[in-house]
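**Q** Next come the chains, spelled out residue by residue.
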Amino acid sequence: MSTSSSMSKEVTKLNLWYSQNPGKTSAVLAVLIVISFGLDLLHLGTVGPVIMYIAGVFGTIPIAIRAWSALKMKTISIELLVTIACIGALGIGEPEEAAIVTFLFLFGNVLEARTLAKTRSAVKDLTAMAPEQADVVQEDGTIVATDIDDIDEGDQVLVRPGGQIPVDGKVLKGSGSAIESMITGEAKPVEKEVGDDVYAGSTLDSGALTVETSAAGEDSTFGQIIDLVENAQDAQAPVARFIDKFATYYTPAVLVIALLVLIVSRNISLAITMLVLGCPGALVIGAPVANVAGIGRSASNGILFKGGNAVAALAGADTLMMDKTGTITTGKMNVNETKTFTTDTDQAFAELAAIEADSSHPLANAIVAESKKRGIELNAAPEMTTIKGRGLVNADETILAGNPQLMADNGVVLPAAVQEAVTAAQNAGNSVVLYAKDGTVQLMVAVGDHVRPGAAAGLTDLKKHGIKRIVMLTGDNQAAAAQIASGLPIDEVRAELLPQDKLTIVKEAQDKGAKVAFVGDGINDAPALATADVGVGMGGGTAVALDTADVVLVKADFDTLASAVRTAKGTTRVTTQNIVIAVGTVVLLLLGLLVGIVQMGSGMFVHEASILLVIANALRLLRNK
Amino acid sequence: MKQAIMKLDGLTCPSCMQKIEHAVYGVNGVQDVKVLFNAAKLKTHFDSAATSADDLANVVQELGYTVKSIKVKD
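Top line first, the protein sequences correspond to chains A and B.
Each step along the first sequence adds one to the number in this note's numbering, with nothing skipped, and position 529 is 529.
Each step along the second sequence adds one to the number in this note's numbering, with nothing skipped, and position 42 is 42.
Chain A extracted, bound-state conformation:
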């Protein structure tokens, strides 16, 4: 027992040494092979072949150990195929084949590890930006540098000018300007004052802050972004998953086929060559590596794919449906006009603003912001209930604040003057909020929004990249919607929708065979985002979109959306190419074997070359914009 455990310890040590020194191992092998061939050239008798045997055994050992450890886990690995082939080659007196095959396999692994690291570099750069320490203010006022994992909610953290903000939280003391491009995509510094939210992973451009922690480390928004991207790189597209499944059966199948060849042909050399040629090398790595490069590159551009699924779905989308407010438009609403139908303008507006203060609807926010601008003090408001897509109403329905539909639903008739004002404001592209008390409209507020800069160019670009149809969805009236859509390459406008209508429209399109990408802010269109073939979160803040969308655009603009579609298509293309390369290699090798021009060594060489080729092909994705 003790000897066997000490032996297994030695094997473990050897295995570790081999895995930590793959370069040295293959270099030693190369030297041995060259010396052996050199001695043969000098006709030094048996010394050359002996050295070749040593090389063959030296090269086979690490591969055999790995094959064994996989076998213990009930996995038939590529290493097992190579090990059997090499033992066979040594057995039938072809040590040079074994030596060369193991050298190519081990050296190939070194090159693979190097190039694979490159495909992963984009995400490495991202994780390197994650904060590791924070200066925590203690109860006695001293400051202790603390590991980020030991920071709890509520801890007060000091951020110095030029420093990194280490946690998500609220500013408790101080002021400054922060660059939050990692979280919001906004490149310009944002002013931060007491009470403002700050995010881990952003930098404090100037000023000094004391921040009360709400989340740190993996729980922070930035931590979640990293977690998402790391998981996404492993979450493969359906085609890659199929290949994975296939490969787990393929490797044992090769073993069986080689055995059959041996039984039928009685030719050991042919059988072991089959083993080497059948290695699924490029097949296993080809598809995932495209995913890694595509998703990694996108992440550093502020485009977060949740996995290979999302990449494939976005690449395959032919219909783009998007929410108007907050997606096509900036969602930053301004009060453009207030029109009162009573004697006291300010009184009615103050009442409306007080009601809207409890709502988070963009229209409500605009009205509250306007009241602040006008210096209106907000009084306590009556309790209101939200009616989705309509507005707010109090318990006995005597106070209404919302769109004309809400008025109609509650039997409030709009006098001609009100109707005229509403129509005029709507035709100018505004949304209208009416305020009624006891059945009479007191006030109309026209709130407007503007189209995101670059929307026309971005949408035009998307149409060049496989999006056939762009549909705009909105709860606003037809006139306001048409106003926004004019000048944009939008094929269809669906206005005056309730939130659940968006879901229905997505489903209808899917029933007709459309592949729908839904772009929304993730706040009130979560069902549509989830139902669409791919949901793209844009403009609602990264934290919200991380939950609901398949693809998150940290930077909410159409240039980024177009770039996401281009990258998705590029990644899918590279995946397909790599599968063709991998399958093609195996087919060509088998044909070569049939006509007798492929040996074990040359077969392994072609295999390793094909692996490096598919990795290099994927690396092209890192260069694409």
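Hints are supplied without guarantee of correctness; some may be wrong.
Listed below are the simulated BS3-like cross-link pairs for lysine-lysine, each with C-alpha atoms no more than 30 Å apart in a straight line [as the list claims (entries may be wrong)]:
#  : chain 1 : residue 1 : chain 2 : residue 2
1  : B       : Lys7      : A       : Lys24
2  : B       : Lys41     : A       : Lys118
3  : B       : Lys73     : A       : Lys507
4  : A       : Lys245    : B       : Lys73
5  : A       : Lys332    : B       : Lys73
6  : B       : Lys2      : A       : Lys9
7  : A       : Lys245    : B       : Lys34
8  : A       : Lys9      : B       : Lys7
9  : A       : Lys306    : B       : Lys68
10 : B       : Lys2      : A       : Lys118
11 : A       : Lys118    : B       : Lys43
12 : B       : Lys68     : A       : Lys72
13 : B       : Lys34     : A       : Lys507
14 : A       : Lys173    : B       : Lys68
15 : A       : Lys13     : B       : Lys68
16 : B       : Lys71     : A       : Lys306
17 : A       : Lys124    : B       : Lys71
18 : B       : Lys41     : A       : Lys339
19 : B       : Lys34     : A       : Lys512
20 : A       : Lys72     : B       : Lys7
21 : B       : Lys41     : A       : Lys306
22 : A       : Lys9      : B       : Lys68
23 : A       : Lys24     : B       : Lys73
Bear in mind the hints are in silico, worked out from the structure with no lab data behind them.
Fit chain B to the supplied structure of chain A, relying on the hints for placement.
**A** Only chain B this time, still in chain A's reference frame:
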């Protein structure tokens, strides 16, 4: 129940991942284990009464993979 996060040396073959997951999952007290292939990270929840993060790291090392760092959280 504790969580351990290990950083490994870069993984190059998807079968390495299955091997490691299999081996760690086989340890008594391990509730779940997930290897992030591309990030070369292992995340596992385990019962600290039955095993320890160092023991689990040893299991990984025995398979021939270097564990660069271990973090344990409650």
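**Q** Give a verdict on every hint.
**A** Status of the hints after comparison with the structure:
Proposed proximity of B:Lys7 and A:Lys24 is supported: the alpha carbons are some 24 Å apart, at most 30 Å. Proposed proximity of B:Lys41 and A:Lys118 is supported: the alpha carbons are some 17 Å apart, at most 30 Å. Taken as a hint, the B:Lys73 and A:Lys507 pair is broken in the structure, with Cα atoms around 44 Å apart against an allowance of 30 Å. With a CA separation close to 34 Å, the supplied pair A:Lys245 and B:Lys73 exceeds the 30 Å bound.
Restraint check for A:Lys332 and B:Lys73: the C-alpha separation of about 41 Å exceeds 30 Å, so the hint is violated. The hinted pair formed by B:Lys2 and A:Lys9 meets the criterion: a straight-line CA distance of about 28 Å does not exceed 30 Å. The straight-line distance between the Cα atoms of A:Lys245 and B:Lys34 is roughly 18 Å, inside the 30 Å bound, and the hint therefore holds. The hinted pair formed by A:Lys9 and B:Lys7 meets the criterion: a straight-line CA distance of about 22 Å does not exceed 30 Å.
Annotation: proposed proximity of A:Lys306 to B:Lys68 holds, straight-line Cα distance about 27 Å (limit 30 Å). With a CA separation close to 33 Å, the supplied pair B:Lys2 and A:Lys118 exceeds the 30 Å bound. Annotation: proposed proximity of A:Lys118 to B:Lys43 holds, straight-line Cα distance about 23 Å (limit 30 Å). With a C-alpha separation of about 24 Å, the suggested pairing of B:Lys68 with A:Lys72 holds against the 30 Å cut-off.
A threshold of 30 Å between alpha carbons decides the hint, and for B:Lys34 with A:Lys507 the separation of about 35 Å lies outside it, so the pair is violated. The straight-line distance between the Cα atoms of A:Lys173 and B:Lys68 is roughly 39 Å, outside the 30 Å bound, and the hint therefore fails. Proximity of A:Lys13 to B:Lys68 is assessed by CA-CA distance (about 16 Å); at most 30 Å being required, the pair is judged to hold. For the suggested pair B:Lys71 and A:Lys306, the alpha carbons sit about 25 Å apart, so the restraint of at most 30 Å is met.
For the hint linking A:Lys124 to B:Lys71, the alpha-carbon distance of about 18 Å falls within 30 Å, and the restraint holds. Annotation: proposed proximity of B:Lys41 to A:Lys339 is violated, straight-line Cα distance about 61 Å (limit 30 Å). Using a Cα cut-off of 30 Å, the hinted pair B:Lys34 and A:Lys512 is violated, with the two alpha carbons roughly 39 Å apart. In summary, the hint linking A:Lys72 to B:Lys7 is supported, as the alpha carbons are separated by about 24 Å, within the 30 Å threshold.
Between B:Lys41 and A:Lys306 the alpha-carbon distance is near 18 Å, which keeps this suggested pair within the 30 Å criterion. About 20 Å separates the Cα atoms of A:Lys9 and B:Lys68, which keeps this hinted pair within 30 Å; it holds. The suggested pairing of A:Lys24 with B:Lys73 is violated, with an alpha-carbon distance near 37 Å, which exceeds 30 Å.
The structure fails hints 3, 4, 5, 10, 13, 14, 18, 19 and 23 (numbered hints given earlier, in ascending order).
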